[in-house]
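*Asks:* Below are the chains, spelled out letter by letter.
There are 2 protein chains.
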Amino acid sequence: MFYLVGIGLKPEHLTLEAQNILKECSEIYLERYTSQYSEGSFEFLEALLGRKVILTDRHEVENEFGKKLQKAKSGNVALLVFGNALTATTHIQLLLDCRKFKVPFSFIPGISLTNFIALSGLQEYKFGRSVTIVQPEANYSPDSFYDFIKENQKLGLHSLCFLDIKQEKKKLLSIKEALGILEVIEGKRKDSLLKKSVLVGIAGAGSSKMQIKAGSVNDLKRFSFNSFPQALIICGSLSEKEREALNALSV
Amino acid sequence: MFYLVGIGLKPEHLTLEAQNILKECSEIYLERYTSQYSEGSFEFLEALLGRKVILTDRHEVENEFGKKLQKAKSGNVALLVFGNALTATTHIQLLLDCRKFKVPFSFIPGISLTNFIALSGLQEYKFGRSVTIVQPEANYSPDSFYDFIKENQKLGLHSLCFLDIKQEKKKLLSIKEALGILEVIEGKRKDSLLKKSVLVGIAGAGSSKMQIKAGSVNDLKRFSFNSFPQALIICGSLSEKEREALNALSV
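Chains as they are written, first to last, in my numbering: chain U, 130 to 380; chain L, 130 to 380.
Just chain U, with the same shape it has in the complex (with noise of 0.2 Å):
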């Protein structure tokens, strides 16, 4: 069996389900360009299965895997990522080529930041779709997520942020430098979103040091968010209740 196994945002996410099947694996990969722990390490996670994890990366995940799960036909082999699976397409792609080859898999899922953002204060349902802020790239700067945030505060509903890792892949991104980059392209637009709306600026969900901050663009700014991983949260329309709840909740 292959199993895809989400284990949240820090060791102590880890469900009983996925110890037990952890358990039961011949082979434990961990892919880590997508996001990483806000707390804990890889080391006190091999410590907590009793098990050694191997570390793999992009290229392989995409281009290799097929190998391992070939594996997976007749042991157990699984991939383990951060937060809950399947939000990057890459590992939709893996379930797709078990079911071409033949390869009985599972999904476990885990405990991701979306989990969080009702401790906010800001009610659920009033979340429209998620975007990605993507740092700009010489040939390639997308502002399409931008559009997105525009299209869920017309209908009055906020937008999940999450923020990419940077170009270079060796650091995430920042609130602050999420914010610089909305407001390059605000600039270019000559819109003023970012400046009427509240925002929530969320930094390592899950830990000790967990942060949850409200306020204007100026407010974030200045703000020293100090753990990740971090992700921003553009309000729509605020009902009374959420006001006071993001007021009571965030600091």
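These are computed hints drawn from the structure, not numbers from a lab.
Do not rely on the hints blindly, as some may be mistaken.
If chains are identical, the list can't say which one is meant, so a pair holds when it fits in one copy or spans any two.
[Claimed, not checked] With a straight-line cut-off of 25 Å between C-alpha atoms, the simulated PhoX-like cross-links for lysine-lysine are:
| hint | residue 1 | residue 2 |
| --- | --- | --- |
| 1 | 283 | 255 |
| 2 | 255 | 295 |
| 3 | 279 | 255 |
| 4 | 197 | 181 |
| 5 | 231 | 342 |
| 6 | 295 | 317 |
| 7 | 283 | 197 |
| 8 | 305 | 181 |
None of these values were measured; they are calculated from a predicted model.
Start from chain U and add chain L according to the hints.
*Replies:* For chain L alone, kept in the frame of chain U given last:
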């Protein structure tokens, strides 16, 4: 400390964090009016924790939980909620009460239905706002959820529909019943959103009986969904990759 703990959709969804915390609690309550397990039982949960769990109802959580929160000033008290917590307004209110009465609290996330939607093959970032399909009552038949689904569709987005508990409060709404409710609204409005859309039914998320079925209204009506909780996705526009994944991953 007051712990608001999401316990997921089956006992094995308990995280290490939740298990460790519950060991230190003098009183553990479980509210079960918003959902239920897809697999496993209350008794199994108690055995797993090795602790007594006290059942509580909506009235108590909404009106009389203040005394329990006061106890959390000196001891550790936990309220367990199926899935993730904080989706229901009542649970946010408990945290606001904690702030007001200076009771320290901690939010412990749990696996919820939203952690499973991408297993259908649909891309997570193509979901618009979520809605809850409500069973109409004699003097109360809301249909705003239909408007929200239409808005999502205009943007090409998928709609995740949670299915409410029926008015008698004893039975979770089924996919078939939800389709019936949507058809009545559609008939009144002379609309044809359902007929034109690809639909996905998800039953018993996380359990060994989990079913994901994609198709037309009639396909879903004919299909035997035999586990709970159930949910319905009304697809917006589908990319070629999504069609391929939907075909491969659903029955």
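*Asks:* Is the C-alpha distance from residue 305 to residue 181 at most 25 Å within one copy, between copies, in both cases, or in neither?
*Replies:* So residue 305 and residue 181 fail the 25 Å test inside a copy (37 Å) and across (46 Å) alike.
*Asks:* Between residue 279 and residue 255, at a C-alpha cutoff of 25 Å, which is it: within one copy, between copies, both, or neither?
*Replies:* Intra 15 Å, inter 15 Å, cutoff 25 Å: intra and inter.
*Asks:* Please sort residue 283 with residue 197 into within, between, both or neither, judging by C-alpha distance up to 25 Å.
*Replies:* This pair counts as neither: shortest intra-copy Cα distance 46 Å, inter-copy 42 Å.
*Asks:* Is it within, between, both or neither when you check residue 295 against residue 317 at 25 Å Cα-Cα?
*Replies:* within (22 Å within a copy, 51 Å between copies)
*Asks:* Pop the pair residue 255 and residue 295 into one bin, within, between, both or neither, using alpha-carbon distances up to 25 Å.
*Replies:* between (29 Å within a copy, 23 Å between copies)
*Asks:* Taking 25 Å as the upper bound on the Cα-Cα distance, should residue 231 and residue 342 be classified as within, between, both, or neither?
*Replies:* Between copies only: 20 Å across, 47 Å inside.
*Asks:* Using 25 Å as the alpha carbon limit, work out where residue 197 and residue 181 are close: within a copy, between copies, both or neither.
*Replies:* within (16 Å within a copy, 44 Å between copies)
*Asks:* Up to 25 Å between alpha-carbons, please classify residue 283 paired with residue 255: within, between, both or neither.
*Replies:* both (12 Å within a copy, 17 Å between copies)
Hint check: violations occur at hints 7 and 8; the rest are consistent with the structure.
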